[in-house]
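Asker: Dock chain B against the given chain A, drawing on the hints supplied.
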Amino acid sequence: MDFIFKNKRVSGILTILPKKTVKFEEEMGNYSFSPAKCMKLKLAMGYNEHRIAERGQCSSDFCKFGLQYLFDNGMLAKEEIDALLFVSQSADYYMPPTSNIIHGHFGLKQDCLCMDINQGCAGFELGLIQAFMMLEQPSINKVVLMNADVLSSKVSDQDRNSKPLIGDAAAITIVEKCEADNTVYANIKMDGTGAMVLNIPAGGFRMPSTTETAVMEQDAAGNFRSKNNLVMQGDEVFNFVQREVPPMIEHLFEQSAVDRDDVDWYMFHQPNKFMLHKLADKLGISRDKMPANIVENFGNASGVTVPTCICYNLGDQLVKGKIKLCLAGFGVGLTWSSIMMEMGNLMFNQIIEY
Amino acid sequence: MKGYNEKLNIKNRKTNMREQIIKILTELRPEFDFNQEGVDFIEEGMLDSFDMVNLVSELDATYGISIDGVDILPENFATVAAIENLLKKNGAK
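Chains as they are written, first to last, in the numbering used here: chain A, 64 to 417; chain B, -18 to 74.
For reference, chain A alone in the conformation it holds in the complex (with noise of 0.2 angstroms):
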């Protein structure tokens, strides 16, 4: 599905990171290689240290500290803000909404569009659609995107697919309406038979949290982990990725008429490095262009990595300049999506630690 989006603007980015900090090697005895085989994993797939909240620290958590910042430091004010879009798979409640927890932590004006939406790996991507599509309101005119996940306490110790990986992290986006044409292309696809490729089988009302959902399971590659625990099937999730994502790309390239030479940056999700580079050989775009680093970093933050990707390797460059984005998420839904954009004069692209 294809989206164009007009008179329409990112003006700051906000990434909120975690203070503590776990490094690959202080958790590869939990995992069932040879302490030879990890090195071999984290050389491959870009593991390094990742960013972990603390225990009790919930997504909202990290939401209301960045949005604290920006008003302390004058970035925002609180009643320009006519919608607060959080986009999370860690909400801090089944009921009620953590978008209205938020609104109501700081008393924010009545005319405030609050609103939740369940999704992971393409979060930025389909926060950014929806936040186009509220500008479209005239009663809207300015939308604080909160891409949110602390879901590193969902991912068993003993799970090498996944705990090397995870990270957690918010990312405080606003998107507001310009006067430029400032055209914005999008396209978002679905494949809801891929949904339990990525997924948390108990604690839902499906299957509720009981003393036997947690007992630990070995699977046949030699993870421990319990129906508590968030499962990826790795593979699939690799396979769907090289398939799927390519011709989107090359879709967008199509829909947006921009060649892909005159693409300053590539900022996609940030599963791990070596995915990353097939699909930036898999398009003829060098690997400079797209950057790898952000697992390597701080961990894979479902939809905060591309957020989290262009404050760390663009900041002050997106505040003086503009630039040429195209963006692409992908990952549990399945869902897959991109976006080309020129983004730059920003107000403010940086990262914090709470």
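In short, the hints are calculated from the structure, not lab data.
Misleading hints may appear alongside valid ones.
For lysine-lysine, the following PhoX-like pairs were computed, each having C-alpha atoms within a straight-line distance of at most 25 angstroms [stated by the list, open to error]: (1) K4(B) to K103(A); (2) K69(B) to K100(A); (3) K74(B) to K240(A); (4) K345(A) to K205(A); (5) K217(A) to K74(B); (6) K127(A) to K217(A); (7) K4(B) to K100(A); (8) K69(B) to K105(A); (9) K4(B) to K290(A).
Answerer: Just chain B now, with coordinates in the frame of chain A:
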């Protein structure tokens, strides 16, 4: 003579590629004998999905290619012949 040399070169390349694949496989999993004929490396548990990732990285570097991500499927790593075919399909010489 020219035809004979060409045939010899092709034979040498084939031998070299096979030997090179076995060398890389052995370095990856020294506990297994990859010279065995008729053995499915995947079914026998000699290679897991992570070994395939390492193998692809090694083969890419050795042959100066980038094996297409859609070809990274277990059946393409089941035997030395399958890996040879994979390499040729992806431009290895």
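Asker: Check each numbered hint from earlier against the structure, then list the numbers of those it violates in ascending order.
Answerer: Result: hints 2, 3, 4, 5, 8, 9 break, sorted rising.
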